[in-house]
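Number of protein chains: 2
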Amino acid sequence: MTRPLQFIVEKSLSDENGVARARAGRLSLAGATGQLQEILTPVFMPVGTVGSVKAVTTAELRRMSAQIILGNTYHLYLRPGHDRVERLGELHRFMNWDGPILTDSGGFQVFSLSALNKIDDDGVTFQSHIDGSSHRFTPELSMAIQKALGSDMVMAFDQCPPYPAKPEEVQLAMRRTLKWAERGLEVPLKSHQARFGIVQGGLYEELRVQSAREITSLPFDAFAIGGLSIGESPELMQKMAYFTAPFLPVDKPRYLMGVGRPEDLVEGVRAGIDMFDCVMPTRNARNGQLFTSQGKINIKNSKYADDPGPLDPECPCETCTQYSRAYLRHLFICREVLSARLNTIHNLTYYVRLMTEMRTAILENRFDDWIKSFYTKSRH
Amino acid sequence: MTRPLQFIVEKSLSDENGVARARAGRLSLAGATGQLQEILTPVFMPVGTVGSVKAVTTAELRRMSAQIILGNTYHLYLRPGHDRVERLGELHRFMNWDGPILTDSGGFQVFSLSALNKIDDDGVTFQSHIDGSSHRFTPELSMAIQKALGSDMVMAFDQCPPYPAKPEEVQLAMRRTLKWAERGLEVPLKSHQARFGIVQGGLYEELRVQSAREITSLPFDAFAIGGLSIGESPELMQKMAYFTAPFLPVDKPRYLMGVGRPEDLVEGVRAGIDMFDCVMPTRNARNGQLFTSQGKINIKNSKYADDPGPLDPECPCETCTQYSRAYLRHLFICREVLSARLNTIHNLTYYVRLMTEMRTAILENRFDDWIKSFYTKSRH
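As they're listed, the protein sequences go chains G and H. If you count the first sequence from 1, position 258 lands on 258 in our numbering, and the numbers rise without skipping. If you count the second sequence from 1, position 66 lands on 66 in our numbering, and the numbers rise without skipping.
Just so you know, the hints here were simulated from the structure itself, not pulled from any lab data. Be careful, since some hints might not be right.
The list makes no distinction among identical chains, and a pair is therefore deemed to hold if it is satisfied within one copy or across any two copies.
Unchecked claim - Calculated lysine to aspartate or glutamate pairs in the EDC-like style (CA-CA distance at most 20 Å, straight line):
1) 303 / 83
2) 303 / 86
3) 300 / 131
4) 377 / 121
5) 166 / 16
6) 303 / 140
The model shown is predicted, which means the values in this text are computed figures rather than measured ones.
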């Protein structure tokens with residue numbers, strides 16, 4: 001295969017205006033080891049922040065049919081260092097995951113985690129959230145880090161303006177995002193690495209259109225919608241994703257960054273998005289917030305103290321087939337490490353299955369009915 | 001089988017004075033579900049304090065060939081409550097472990113964990129270490145709790161005097177331990193539950209002999225040496241275990257409570273002990289202290305930051321076969337949940353294999369050579 005990423009839309013549904021929306025696809029990657037990798041979309045990517053999807057092993061990720069995971073450039077740059085990861089055989093080998101990995105650019109964490117950051121046209125100077133040490137990211141360094149990590153999908157280094165932001169601020173960030181995208185494209189990557197461009201534009205429709213036109217004119221393998229899910233309401237986020245998606249090429253993967261709740265994934269797929277990532281299933285698991293086919297559960301609730309039933313009777317995961325709600329509550333109350341594990345296995349399984357269900361419904365031309373059923377059940 | 005526990009000594013070695021010492025045995029249990037359970041001894045029991053062996057699943061315990069685990073009566077009484085555990089199908093089902101379980105009596109934790117405790121001839125009044133609430137344990141309640149939990153091996157409720165303690169204190173504790181043992185024997189258990197008597201006597205040889213005579217005159221299925229590993233030096237502990245073991249019947253299992261380090265297990269087996277438990281492999285794992293065939297490792301040490309090799313090249317566990325020392329160090333430094341998991345899997349595997357090696361060496365009549373080799377290797 002000549003390009004590191006190929007994408008085939010297997011089935012695409014149109015909305016009431018004839019716009020191509022929800023689709024099922026097959027995304028093929030060259031693979032770090034030369035072994036072709038295939039991802040069925042729509043897909044959710046568990047977040048492996050610092051070289052581990054928190055609380056679970058890669059063997060467990062495989063068992064729950066997770067297809068691809070995300071690694072955070074900012075975190076891995078700080079600890080253990082991208083050069084070190086490369087020397088140890090790149091990220092796949094370091095963390096024992098032979099499936100595809102997408103790395104973000106580090107930009108978002110620099111803006112959201114570091115105590116102080118100073119953005120200029122050339123890059124961002126920031127302080128580490130760990131020890132306050134000073135660092136500087138540029139588009140070139142972001143590419144170099146992701147190259148060293150050896151991920152399969154590399155994100156352009158972009159500027160994500162805060163929410164809310166004035167149009168001038170958003171426009172400035174867009175201009176930088178475009179320049180930085182162009183500079184990043186000049187940096188050679190490893191031959192298996194695919195490049196994603198990122199559309200910004202805040203909550204302004206005209207800016208989203210402009211950013212989409214600019215970014216999609218560049219030779220990226222896929223495109224992402226960035227700058228959402230950063231504080232605006234879910235309704236606004238969903239509306240802007242729905243607005244923006246059709247401005248991205250139909251023949252390339254579309255990735256909605258940092259989203260989100262189960263209903264946000266449903267609305268994202270409805271809008272025509274193929275890829276998602278979010279810390280919600282893993283983070284909420286550790287806080288005892290569990291997603292089930294009957295809606296959300298807070299396992300801490302005393303009503304589960306004597307409940308011998310499974311967490312989610314419809315779920316085939318290890319947690320639901322082997323343990324009771326009473327036991328899961330007990331582990332959570334006692335702050336046992338096993339609580340984080342079992343809860344994470346379930347929440348990620350829920351997310352993976354949600355995507356599989358949507359894919360099947362699209363392929364079987366019954367996605368609208370599936371959506372209705374999803375909302376009916378989860379409103380229990 | 002008429003009794004809940006049967007024990008066959010397969011092979012027994014004698015010391016230079018002709019005293020029967022290290023032995024390999026088969027311990028059969030009636031089993032909570034009516035399914036006969038067999039344990040090959042000597043055996044180490046991972047500690048599942050509050051209904052989970054910290055950081056690992058029961059599936060992982062099975063994979064590492066752990067044969068039996070320990071549950072803590074004090075902890076399970078406080079949370080989630082023994083009645084609740086019984087309603088939820090007893091401890092085996094509650095925590096999804098179908099192998100044998102030994103429960104302690106709760107006495108030791110009452111003395112060591114609770115803020116205030118007041119011992120009288122009838123029992124102990126104490127405050128919960130969790131919320132300060134007041135509780136009272138008696139020999140009868142300890143049996144009732146263990147009965148409700150449905151463990152396979154039930155420990156007598158004993159008084160463990162502190163170290164150091166005067167002979168009068170130790171004698172008083174011994175008298176109570178004997179009375180409490182007799183009272184506990186009056187309480188009916190479930191038919192599959194075997195009873196262990198506990199020898200006390202502190203660091204006084206004559207009191208150990210007296211306590212052993214008294215306790216072994218009672219109709220217990222097995223006997224434990226209590227009151228050691230509570231602050232005295234390892235040498236003293238080992239010496240007292242070696243002294244006491246021959247005063248326990250050769251045809252019943254011998255259990256050295258709360259011991260210990262790998263070398264303590266070796267010396268315990270040499271003394272003629274069959275069963276051990278300790279939080280050391282699990283607790284040290286969470287603190288980054290790892291046991292290997294070449295001695296102890298502190299995985300936090302910066303010398304492992306770039307080490308691509310396995311934690312212990314001789315270990316077949318998931319951690320050693322799939323991850324590098326560099327990765328394990330990284331996870332520990334970043335306080336990832338996975339660190340506790342992978343470290344615990346390794347340390348427990350090390351302990352399980354240590355016991356298996358000793359058993360094989362005894363059966364093959366080369367235990368002395370094995371001990372020499374163990375000390376040579378671990379002193380690296």
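Hint-by-hint comparison with the structure:
In this homomeric assembly, residue 303 and residue 83 come within 20 Å of each other (Cα to Cα) only across copies, at 16 Å, whereas the closest approach inside a single copy is 50 Å. For a Cα distance limit of 20 Å, the shortest separation of residue 303 from residue 86 across copies, 18 Å, qualifies, whereas the shortest one inside one copy, 49 Å, does not. In this assembly of identical chains, the alpha carbons of residue 300 and residue 131 lie at most 20 Å apart only when taken from different copies (17 Å versus 34 Å within one copy). Taking the closest pair of Cα atoms, residue 377 and residue 121 never come within 20 Å of each other, the shortest separation being 49 Å inside a single copy and 59 Å across copies.
Taking the closest pair of Cα atoms, residue 166 and residue 16 never come within 20 Å of each other, the shortest separation being 33 Å inside a single copy and 88 Å across copies. Within a single copy, residue 303 and residue 140 get their C-alpha atoms no closer than 54 Å, and across copies no closer than 31 Å, so neither meets the 20 Å cut-off.
Figure legend: structure checked against the earlier numbered hints; hints not met, in rising order: 4, 5, 6.
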